[in-house]
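Participant: Model the full structure from these sequences, guided by the hints.
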Amino acid sequence: MQEKGVVRHQTTAPPIVIRTTGLSVEAKEMLDAIARRAYEIFEAKGRARGHDLENWFEAESELFERTRVDVKETPEGLTVLADVRRFAPKELEVDLEPRRVTIIGKHQSQAERKTDTSYLSEKHTARLLHSLQLPVEIDTHRASARLKKGILELDVKKALAEERKTSQALPGGITH
Amino acid sequence: MGLPTERTHLYRVYEIFEVMPNSSPQRVTVVSGLEFAKAALQPLANQTNNECFVADAKTRQVVIQMNVASANGLPRPTLD
Numbered sequence: 001m002q003e004k005g006v007v008r009h010q011t012t013a014p015p016i017v018i019r020t021t022g023l024s025v026e027a028k029e030m031l032d033a034i035a036r037r038a039y040e041i042f043e044a045k046g047r048a049r050g051h052d053l054e055n056w057f058e059a060e061s062e063l064f065e066r067t068r069v070d071v072k073e074t075p076e077g078l079t080v081l082a083d084v085r086r087f088a089p090k091e092l093e094v095d096l097e098p099r100r101v102t103i104i105g106k107h108q109s110q111a112e113r114k115t116d117t118s119y120l121s122e123k124h125t126a127r128l129l130h131s132l133q134l135p136v137e138i139d140t141h142r143a144s145a146r147l148k149k150g151i152l153e154l155d156v157k158k159a160l161a162e163e164r165k166t167s168q169a170l171p172g173g174i175t176h
Numbered sequence: 177m178g179l180p181t182e183r184t185h186l187y188r189v190y191e192i193f194e195v196m197p198n199s200s201p202q203r204v205t206v207v208s209g210l211e212f213a214k215a216a217l218q219p220l221a222n223q224t225n226n227e228c229f230v231a232d233a234k235t236r237q238v239v240i241q242m243n244v245a246s247a248n249g250l251p252r253p254t255l256d
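Protein chains in written order, with the numbering used here: chain A, 1 to 176; chain B, 177 to 256.
In case anyone wonders, no lab produced these hints; they're calculated from the structure. For each residue, glycine too, the CB sits at the ideal point set by N, CA and C. Take the hints with a grain of salt, since some may be wrong.
[Stated by the list, open to error] Cut-off 25 angstroms, straight-line C-alpha distance, at most; resulting in silico cross-link-like pairs (SDA-like, lysine to any residue):
1) A:K165 <-> A:S121
2) A:K28 <-> A:E91
3) B:K234 <-> A:Y39
4) B:K234 <-> A:G46
5) B:K214 <-> A:L134
6) A:K45 <-> B:K214
7) B:K234 <-> A:R49
8) A:K28 <-> B:K214
9) A:K72 <-> A:D139
10) A:K28 <-> A:S109
11) A:K28 <-> B:S200
12) B:K214 <-> B:T235
13) A:K106 <-> B:V195
[As the list claims (entries may be wrong)] If you want the ones that stay clear, here's a sample from chain B, every Cβ over 12 angstroms from chain A, calculated:
14) L186
15) Q202
16) S208
17) G209
18) F212
19) K214
20) A215
21) A216
22) L220
23) T224
24) S246
Facilitator: Now the structure itself:
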């Protein structure tokens, strides 16, 4: 049975999960992990005040991969492009809130090598967390995502009130 | 009426970071107002090849990035 508020966009590639009910438990856990690590850094630096953001970004860079993200705005909506080439579609999740998009990725790989005398097992986990504040309010139920050559393309439509505002502001837009 | 206990800012406060080669972001400066943040970021980004970014101190959102290619690998347009 499909979970409430979760949409799977099936194209030719495996689906990317889009969650329309806000931040998932996993995203919240990731944010908690950053907060905990940031606090450890704060303590390690002698509890020096005024470096909250610096500690936060340092913790984030230690725990998660950084990605490059672009946002393009059209009169009807927004397109978010994110470089996620290390992740397969099934390893990605997008959490949508009216003013925020959060991209989550988790990739695990394992390599094993056996010889007559030795056994080597290597595990690698890469995690991605990218939260993006949006310039306009979006309709979380009108979204689609696809992966093209390692680039996640997320199309979201603006909330109707925002769409109306933009079409009035843009030259040639219909005004009432 | 008493004085406000906290200093109130007319503009939002932004912190400017440079990402060091060991991928740790180091704060370079703190400015009030997005226009001033842009003005402070530009010379910093010209001085170094490291990624530089501006983050909103309150929301922790990265609002401007420089010396970073765009998501599809193409160079980003420069700031006006």
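Participant: Compare the distance between the alpha carbons of A:K72 and A:D139 with 25 angstroms, and conclude whether the hinted pair is satisfied.
Facilitator: Judged against 25 angstroms, a Cα distance of about 16 angstroms means the pair holds.
Participant: For the pair we were handed, B:K214 and A:L134, check the Cα-Cα distance against 25 angstroms.
Facilitator: Roughly 19 angstroms separates the two Cα atoms, so the pair holds.
Participant: Is the Cα-Cα distance between B:K234 and A:Y39 25 angstroms or less?
Facilitator: holds, 17 angstroms
Participant: Does B:K234 pair with A:G46 here, judged by a C-alpha cut-off of 25 angstroms?
Facilitator: holds, 23 angstroms
Participant: Far enough from chain A: is every CB of that chain over 12 angstroms from the CB of B:F212?
Facilitator: Label holds. Min Cβ-Cβ 17 angstroms, cutoff 12 angstroms.
Participant: Quickly compare the C-alpha distance for B:K234 and A:R49 to 25 angstroms and report which way the hint goes.
Facilitator: Holds, at roughly 15 angstroms.
Participant: Taking the closest pair, is the beta carbon of B:T224 still more than 12 angstroms from chain A?
Facilitator: The assertion about B:T224 holds, with a minimum of 17 angstroms to chain A.
Participant: With d taken as the least Cβ-Cβ distance between B:Q202 and chain A, does d exceed 12 angstroms?
Facilitator: Given a closest Cβ separation of 7 angstroms, the condition is violated.
Participant: Please check whether the beta-carbon of B:S208 is more than 12 angstroms away from every beta-carbon in chain A.
Facilitator: holds, 14 angstroms
Participant: Minimum C-beta separation from B:L186 to chain A exceeding 12 angstroms: can you confirm that?
Facilitator: Check passes; 20 angstroms lies beyond 12 angstroms.
Participant: Is A:K28 within 25 angstroms of B:K214, Cα to Cα?
Facilitator: It is violated: about 31 angstroms lies between the C-alpha atoms, which goes past 25 angstroms.
Participant: Taking the minimum C-beta separation from B:A216 to chain A, is that value above 12 angstroms?
Facilitator: holds, 15 angstroms
Of the hints listed earlier, those the structure fails to meet are numbers 1, 6, 8, 15, 24, in rising order.
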